[in-house]
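Per the working numbering, residue 82 is the first one in the sequence shown, and the count goes up by one each step.
Some clues are possibly wrong.
[Stated by the list, open to error] Have a look at the derived ranges for each label pair, beta carbon to beta carbon:
#1 P170 with E92: 25 to 31 Å
#2 H225 with P142: 25 to 31 Å
#3 V144 with S85: 19 to 25 Å
#4 A221 with Q141: 29 to 35 Å
#5 P196 with P150: 42 to 48 Å
#6 P156 with L104: 36 to 42 Å
#7 G152 with C202: 38 to 44 Å
#8 R206 with Q149: 44 to 50 Å
#9 N89 with H185: 21 to 27 Å
#10 A154 with D179: 29 to 35 Å
#11 D102 with P170: 30 to 36 Å
#12 W112 with P170: 17 to 23 Å
#13 V144 with D195: 21 to 27 Å
#14 K83 with P177: 18 to 24 Å
Everything labelled a hint here was simulated from the structure, so no lab data went into it. Keep in mind the model is a prediction, meaning the values are calculated, not measured. In this text, a Cβ means the ideal position worked out from N, Cα and C, and glycines have one as well.
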Amino acid sequence: MKISGHLNKIEKLNQLRARLDPLDDFELWFWATMMSGTHAVNAALHQSGVTQPVEAYAMQPGVYLVPQPDGRAVPQFGALGDVLHVGRPVIEAPVPEDVAHMMHAMERIEEHRDPCVREGCKPTREIVDACDRAYGECLAILNHRCPLE
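Can you make the complete structure from the sequences, with help from the hints?
In C-alpha cells form, the structure reads like this:
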C-alpha cells in the first residue's frame, strides 16, 4: 500500500476508535488500535526506505493482492512491501531506531491480543491504558516522520 493509503486507513480507524468504549467494545477497539498501529508502522517503514510502498495489499508474508485494470485483485508473490503484524514477516534490513521503537510499542499492544481477544481474559482499564499509551507512541513517531492531518 502507498503511504497515503496507510495514512487514510489510520484516519478512518481513529474515527472508529473514537466512537467505541475501550472496555465495553474492547475487541473492536483493540482490533482498530492494532490495525491502525500496523498501518503506522508500514507508513514509517516505507518513508524510511526499509520497505517499498506498492499498490498491493498484503495477504500473507510474500503474497499480495494486486489490483488489475479490470477492477479485480489478483494474488501475486512479491518482495516485502507491507508487514501484516510486527515480525510477520521478519524484516531483514536495518530499521531506524524510531521505527524500531514503534515496532516495540506494537509488540506491547499485541501481547494482549490472545489473552483478551482469544482466551477470554477480561480487559481491564490498565490493559486499555497500556495499549493506548503504546499506540500513542506509534502515532507520535509517525507524525514526526509523516505529519498526520
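So, going through the hints one by one against the coordinates:
1. P170 with E92: 25 to 31 Å: 26 Å, holds
2. H225 with P142: 25 to 31 Å: 28 Å, holds
3. V144 with S85: 19 to 25 Å: 23 Å, holds
4. A221 with Q141: 29 to 35 Å: The hint (29 to 35 Å, Cβ to Cβ) holds, given that A221 and Q141 are roughly 30 Å apart.
5. P196 with P150: 42 to 48 Å: Given range 42 to 48 Å: holds, Cβ gap about 45 Å.
6. P156 with L104: 36 to 42 Å: Given range 36 to 42 Å: holds, Cβ gap about 38 Å.
7. G152 with C202: 38 to 44 Å: 42 Å, holds
8. R206 with Q149: 44 to 50 Å: 47 Å, holds
9. N89 with H185: 21 to 27 Å: Since the Cβ atoms of N89 and H185 sit about 25 Å apart, the hinted range of 21 to 27 Å holds.
10. A154 with D179: 29 to 35 Å: Roughly 32 Å apart at Cβ, these two residues keep to the hinted range, so it holds.
11. D102 with P170: 30 to 36 Å: This hint holds: roughly 34 Å between Cβ atoms.
12. W112 with P170: 17 to 23 Å: 21 Å Cβ-Cβ, so the 17 to 23 Å window holds.
13. V144 with D195: 21 to 27 Å: 24 Å, holds
14. K83 with P177: 18 to 24 Å: 20 Å, holds
Checked against the numbered hints listed earlier, the structure breaks none of them; every hint is satisfied.
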